[in-house]
Amino acid sequence: MVIEQLDPVRHRIAKGARHGMRTDVVFYASGPILEQVQKDRALEQAMNVACLPGIVGPSLAMPDIHQGYGFPIGGVAAMDWDSGVVSPGGVGYDINCGVRLIRTNLEKDEVRARLKEIVDQVFRDVPCGVGGKGHLDITEKQLNQVLEQGAEWMADQGYGEPSDIEHCEERGRLKGADPGEVSARAKERGRPQIGTLGSGNHFLEIQFVQKVHDEEAARCYGLEEGQVVVLIHSGSRGLGHQVCTDFLAQMGAAMKKYGITLPDRQLACVPIQSPEGQAYLKAMRAAANFAWANRQAMLHFVRGSFQKVFGKKTRLALVYDVCHNIAKRERYEFGGRTVDVLVHRKGATRAFPPHHPEIPADYRAVGQPVLIPGSMGTASWVLAGNEGAMRESFGSVCHGAGRLLSRHAAKHGRDARAVQRELEERGILVRSETRDGIIEEVPEAYKDVDEVIEVVHEAGLARKVARLRPMGVIKG
Amino acid sequence: MAEYELLEHTADTGFRVRAASLEELFARAAEALVSIAVDTARAEARERRSVECAGEPVEELLVNWLSEVLWLLEGERFVPARFERLSVAGGVARGAVRGEPRDDQRHPPRIVVKAVTYHQLAVRAHNGGWEAEVFLDI
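Chains as they are written, first to last, in the working numbering: chain A, -8 to 467; chain B, 14 to 151.
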């Protein structure tokens, strides 16, 4: 594999590198990250994505890229809306896995003084749902409404405020969802799990704004140094997982019908305009809406926790909610023409620049907030979208720190209690429903999130707004 | 007790199982999946369910089989303790599962398995028997 360095942060694998590639792979990395990304099969997967029919522009990979299934995690691929394909693997099993950032009117020291109390309260109020059940009981009819209406449905039931909806990507609801395309199994798996966090890398963190890098944007997002915020990282739970499973199974046969052959079964795809492609998109949008409703319910629970501990005057407002596993139809100026594309973001975040009409009016002057969760116990970031992302990455940037060690390797020689104690010594309280939840997510298992952010900042895809430090961590 | 070997993957997890026959291979793979998700030490064979699925080639059939088992665990909330009377032939796998309703106290959850993937999926002949490698999204 020949990697050509284009500038300090941009690299290319030319399309001739392997038979079947229709376009180049372009990825973003700096020195240490460049070494790390070559340690697993992530770049090979980005080359496989470059083989997909109808791809527009390069197969892109962000600096948090690591090996996934089919698509690399941290990958972006835009497919021509008329002649391209849609790939459930390019969205992932956790459809609309995403992040929401909530600001409070509390200072770091006030929360630090009662940290144990608030962490335990949140741990009680926000179910992890590892065993499969949450606090909410919804009927099948209500579930169908959730699948159509997303976060809005939850707010209408009293689980939220109108400004919460304003501050979600797509206002927390993808249009064109059809609950009829979601299988009975997916619904049954998801229904008891609404309002639950999940396990793996999902978490809820109580954090504070450690440093503001862009005063204007931070002010616009209502953030200042020392302020306490809450970050929730979760997705569409069993419902989304089952939707992806169902469609991947069907697409094996459908690909034969459309004469598509691929280097990896996991990349299974069909033409966007085929009945199978349209059915998947309708189901995917429904699952995405479930995820927004899910994160909305958790925001409501956290509001309750903070008010129980810090009093009724405590205010929690949603800064923004982004999805980082999704496929969306968008338009770009690319290669001297307007392209109408389905952008697959598999572990990548939309990053629209200032003045983009899709951004909430109160943020339009500075650009879309981009939320990048880091690893447990390190840091997370708030960025703002830049023009650079529109020019070269189909309005996308990275989504996290990116894993470095396998879960198995992360566990090796580590003890959950010792990890917990070590974090406590650094002022970070951790509560987890499972022992493995802590140990598999140790900070050492991830790349340095600051380095990842530096690359996208340097590349001009997004700019640094604020660095957040955790104080309390809830994990499944 | 499930017998399997864990395989490395940056973000998720995989396992390798070996068996003398395809039927035993499918049972071993199902046991591996279940024990990655929950602690099955106290799972008792009190109730019986049946599982059946189709798919070709055999790799596709194994993914579909394991997806059925995952459905039992996550959808029907049933913890399999034992797989029996399996048959794997002609693109169809079927068998009986004995186990009990899921109870987090008795079967402490380990991690949520989101799905069974096709990533580096392999089913092959090995030393006169069979070997399979499967990766799970978690």
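Hints listed in this document are in silico derivations from the structure and should not be mistaken for laboratory results. It cannot be assumed that every hint is accurate.
[What the hints assert, rightly or not] For each label pair, taking beta carbons as the anchor points, the in silico distance ranges come out as:
no.: 1; chain 1: A; residue 1: Arg408; chain 2: B; residue 2: Glu21; range: 38 to 48 Å
no.: 2; chain 1: B; residue 1: Arg111; chain 2: A; residue 2: Ser154; range: 44 to 54 Å
no.: 3; chain 1: A; residue 1: His403; chain 2: B; residue 2: Asp116; range: 40 to 50 Å
no.: 4; chain 1: A; residue 1: His126; chain 2: B; residue 2: Asp116; range: 34 to 44 Å
no.: 5; chain 1: A; residue 1: Glu(-5); chain 2: B; residue 2: Glu21; range: 28 to 38 Å
no.: 6; chain 1: B; residue 1: Glu21; chain 2: A; residue 2: Pro23; range: 13 to 23 Å
no.: 7; chain 1: A; residue 1: His403; chain 2: B; residue 2: Glu16; range: 38 to 48 Å
no.: 8; chain 1: A; residue 1: Arg13; chain 2: B; residue 2: Pro70; range: 46 to 56 Å
no.: 9; chain 1: A; residue 1: Asp331; chain 2: B; residue 2: Glu16; range: 27 to 37 Å
no.: 10; chain 1: B; residue 1: His139; chain 2: A; residue 2: His10; range: 44 to 54 Å
[Stated by the list, open to error] Listed below are several chain B residues computed to face chain A (Cβ distance under 10 Å; list not exhaustive):
no.: 11; residue: Ser34
no.: 12; residue: Glu36
no.: 13; residue: Val71
Glycine included, C-beta positions come from ideal geometry on N, C-alpha and C.
Now the hints, each set against the structure:
no. : hint                            : result
1   : A/Arg408 - B/Glu21: 38 to 48 Å  : violated, 25 Å
2   : B/Arg111 - A/Ser154: 44 to 54 Å : holds, 53 Å
3   : A/His403 - B/Asp116: 40 to 50 Å : violated, 31 Å
4   : A/His126 - B/Asp116: 34 to 44 Å : violated, 19 Å
5   : A/Glu(-5) - B/Glu21: 28 to 38 Å : holds, 29 Å
6   : B/Glu21 - A/Pro23: 13 to 23 Å   : holds, 21 Å
7   : A/His403 - B/Glu16: 38 to 48 Å  : violated, 21 Å
8   : A/Arg13 - B/Pro70: 46 to 56 Å   : violated, 27 Å
9   : A/Asp331 - B/Glu16: 27 to 37 Å  : violated, 52 Å
10  : B/His139 - A/His10: 44 to 54 Å  : violated, 30 Å
11  : Ser34                           : violated, 25 Å
12  : Glu36                           : violated, 22 Å
13  : Val71                           : violated, 13 Å
Of the numbered hints given earlier, the model fails hints 1, 3, 4, 7, 8, 9, 10, 11, 12 and 13; all others are met.
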